[in-house]
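J.: Chains E and X supply the protein sequences, listed in that same order. Residues in the first sequence are numbered consecutively from 43, following this note's numbering. Residues in the second sequence are numbered consecutively from 43, following this note's numbering.
Incorrect hints may have been included.
Since the list gives no way to pick out one identical chain from another, each pair is judged satisfied if it fits inside one copy or across any two copies.
What the hints assert, rightly or not - Below are the DMTMM-like pairs computed for lysine to aspartate or glutamate, each with C-alpha atoms no more than 25 angstroms apart in a straight line: (1) Lys217 / Asp188; (2) Lys107 / Asp168; (3) Lys127 / Asp175; (4) Lys154 / Asp166; (5) Lys355 / Glu111; (6) Lys239 / Glu384; (7) Lys127 / Glu94; (8) Lys113 / Glu339; (9) Lys354 / Glu343; (10) Lys118 / Glu384.
It should be emphasised that the hints constitute simulated quantities derived from the structure, not laboratory data.
Number of protein chains: 2
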Amino acid sequence: MGLKSKRIAILAPVAWRTPPRAYGAWETVASNITEGLVARGWKNVTLFATKESITKAKLAGWIEKGYEEDKTQIPKVSECLHISKVMERADEFDLIHNNFDYLPLTYLPFIKTPMLTTIHGFSDPDILRVYHDHKDSYYVSISDSDRDKDLPYLATVYNGIDLSNLTFRAKAGDKLIHYGRIHPDKGTDLAIEVAKKCGRDLIIAGIIQDQDYFDNSLKPHINDSSIQYIGPVNPVQRDALLKEAYTVIHLNTIPERFGLVMAEAMAAGVPVIAMDLGSCREVIVDKSTGFLVNNVEEAVEAVGKIDSIDRKKCRRHVEENFTIGRMVSGYEKVYEEIFRREAQKGK
Amino acid sequence: MGLKSKRIAILAPVAWRTPPRAYGAWETVASNITEGLVARGWKNVTLFATKESITKAKLAGWIEKGYEEDKTQIPKVSECLHISKVMERADEFDLIHNNFDYLPLTYLPFIKTPMLTTIHGFSDPDILRVYHDHKDSYYVSISDSDRDKDLPYLATVYNGIDLSNLTFRAKAGDKLIHYGRIHPDKGTDLAIEVAKKCGRDLIIAGIIQDQDYFDNSLKPHINDSSIQYIGPVNPVQRDALLKEAYTVIHLNTIPERFGLVMAEAMAAGVPVIAMDLGSCREVIVDKSTGFLVNNVEEAVEAVGKIDSIDRKKCRRHVEENFTIGRMVSGYEKVYEEIFRREAQKGK
Chain E
43 MGLKSKRIAI LAPVAWRTPP RAYGAWETVA SNITEGLVAR GWKNVTLFAT KESITKAKLA
103 GWIEKGYEED KTQIPKVSEC LHISKVMERA DEFDLIHNNF DYLPLTYLPF IKTPMLTTIH
163 GFSDPDILRV YHDHKDSYYV SISDSDRDKD LPYLATVYNG IDLSNLTFRA KAGDKLIHYG
223 RIHPDKGTDL AIEVAKKCGR DLIIAGIIQD QDYFDNSLKP HINDSSIQYI GPVNPVQRDA
283 LLKEAYTVIH LNTIPERFGL VMAEAMAAGV PVIAMDLGSC REVIVDKSTG FLVNNVEEAV
343 EAVGKIDSID RKKCRRHVEE NFTIGRMVSG YEKVYEEIFR REAQKGK
Chain X
43 MGLKSKRIAI LAPVAWRTPP RAYGAWETVA SNITEGLVAR GWKNVTLFAT KESITKAKLA
103 GWIEKGYEED KTQIPKVSEC LHISKVMERA DEFDLIHNNF DYLPLTYLPF IKTPMLTTIH
163 GFSDPDILRV YHDHKDSYYV SISDSDRDKD LPYLATVYNG IDLSNLTFRA KAGDKLIHYG
223 RIHPDKGTDL AIEVAKKCGR DLIIAGIIQD QDYFDNSLKP HINDSSIQYI GPVNPVQRDA
283 LLKEAYTVIH LNTIPERFGL VMAEAMAAGV PVIAMDLGSC REVIVDKSTG FLVNNVEEAV
343 EAVGKIDSID RKKCRRHVEE NFTIGRMVSG YEKVYEEIFR REAQKGK
């Protein structure tokens, strides 16, 4: 049986629809992997996601709507039902590709199908207890920097993004842009500081994940002119937003795990000014597709040097490293290695 | 093989030690079931609980300390590890008696051992999605009132309490007592209202589960004299507290599921004034071991009639209905029925 006939179950989270309407980073990647496999000729791909999800693969689901979109749901209830339903069907698949976090691992002792887990982030060091309890499973990291030293990773596979809604624009806009989820981790307040110090307008977009942070640290600075907040953006709105961009300000305050926003910005030809924490130096080429900085002052300086960046290079960097095709070809190699090891075990 | 040689796994929660040091209602009941089975001659009982738990049965555990006692833990991580470890050992048991809530049910498709779930409460209607997905499992309710109409219950088994730390006292104290977890559901603010209207002193005890409620609705009334709050009480402190009791005020604002506090109070000879919601009318005999009321005014009236209650009757009512022996004998019947049905299936 050829590799591309293997039966693959892609396990997506059920916080949002897959692909999400606006925000939903893990669901976005799960969708990109699924559609990417189909596009590359994989014949037996099943996406396990909310029932209203959209895919060219087979769709299987138990949860009607994402629990972030239907607040009557208790997340844990939806999660454990969703996962157990996938596990009940484990025998129908040659591989389960888990994009869900740690809970599916606790069902591993009961299934025979191998599972690959892409670790999209360690939300808290305590979740390592589950990973360390399953060191004999298969893992992929989404950047070299976001690795736990005690886990046996098969590879780093960078997230791939869908370029179809990211128009390359040779001509720069004149605004500073900051988007993603609004949370202290993402340094939205620092972006405001940079904008004020540069005297440039700033547009902020994204869902508010920390309302106190928004109310106390951001809202007092937001007006309808120099500092705007426009709410979450879907892919079409994001494309329009990036058209306005002189540069994207991404001053994350904790180590970035991957940073989809940076790849999206560069795909549109927009250089990124990012904090040199975590994966940022893996996604951005310093002084070539943006600038790595260590504080607000350096970010302000970097804004002054943005014209030195070749916007075509930004686009090319994404095309060569962060496309869905590139990601899926990375996963194909990992799947192949898993099948090789499993066949070895069977002997 | 005799019934009492069957291998029973008692699955306790891991929020607190089993038995808990102070608060921990489900852990208390799980402990009472375990110790009660051992006391009645069951030979192969294993308690799955935190590793520091105490039992005369075999102890099995994976989680060092309860996640409520060690806040570095993410509850969901400890829960899913604890449960999956029990399930991995399912084949070693003839019955798993789940006192944990709904999450263990999602592992049912992967084990052959029958599971009995005592439903200690529906924390939210949404958790019914999991129960309804496993209608072919075995269920016990802790009161006739706390039942979901769509679930097939084998029986109601009332919680049994350990009488060893509940001294019967023929002589009444002169204080109103309110204890349990401090939460609007338990009507602590109503107890304060009753105390003020009666002109009697009130002592409040228990862990604060809703800090806003405590700070805003209770604290302004608390002084060091007429309205006292003394924090959580362990069984010995609780016994001393009940010595002071003229009556226990239990004006729950949502249907009570069982109401350990009411049984404990009556065991000490203390009549209870309870809101007529949920299981209260199953635990209290109105006008004989306390009073069922519908509001603060009726509760105030009831305080005036407390002398008409025979405190010996309160104690006797508990001895006849809510002892550990009584509860365990209830579970023995249920276990027997499960083994009968399982043997039937095997044929």
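J.: Now tell me if each hint is right for this structure.
T.: Okay, the hints, checked on the actual structure:
{"no.": "1", "hint": "Lys217 / Asp188", "in the structure": "neither (31 angstroms within a copy, 59 angstroms between copies)"}
{"no.": "2", "hint": "Lys107 / Asp168", "in the structure": "between (28 angstroms within a copy, 14 angstroms between copies)"}
{"no.": "3", "hint": "Lys127 / Asp175", "in the structure": "both (22 angstroms within a copy, 10 angstroms between copies)"}
{"no.": "4", "hint": "Lys154 / Asp166", "in the structure": "neither (29 angstroms within a copy, 34 angstroms between copies)"}
{"no.": "5", "hint": "Lys355 / Glu111", "in the structure": "neither (38 angstroms within a copy, 54 angstroms between copies)"}
{"no.": "6", "hint": "Lys239 / Glu384", "in the structure": "neither (57 angstroms within a copy, 74 angstroms between copies)"}
{"no.": "7", "hint": "Lys127 / Glu94", "in the structure": "within (16 angstroms within a copy, 34 angstroms between copies)"}
{"no.": "8", "hint": "Lys113 / Glu339", "in the structure": "neither (41 angstroms within a copy, 37 angstroms between copies)"}
{"no.": "9", "hint": "Lys354 / Glu343", "in the structure": "within (22 angstroms within a copy, 83 angstroms between copies)"}
{"no.": "10", "hint": "Lys118 / Glu384", "in the structure": "neither (32 angstroms within a copy, 31 angstroms between copies)"}
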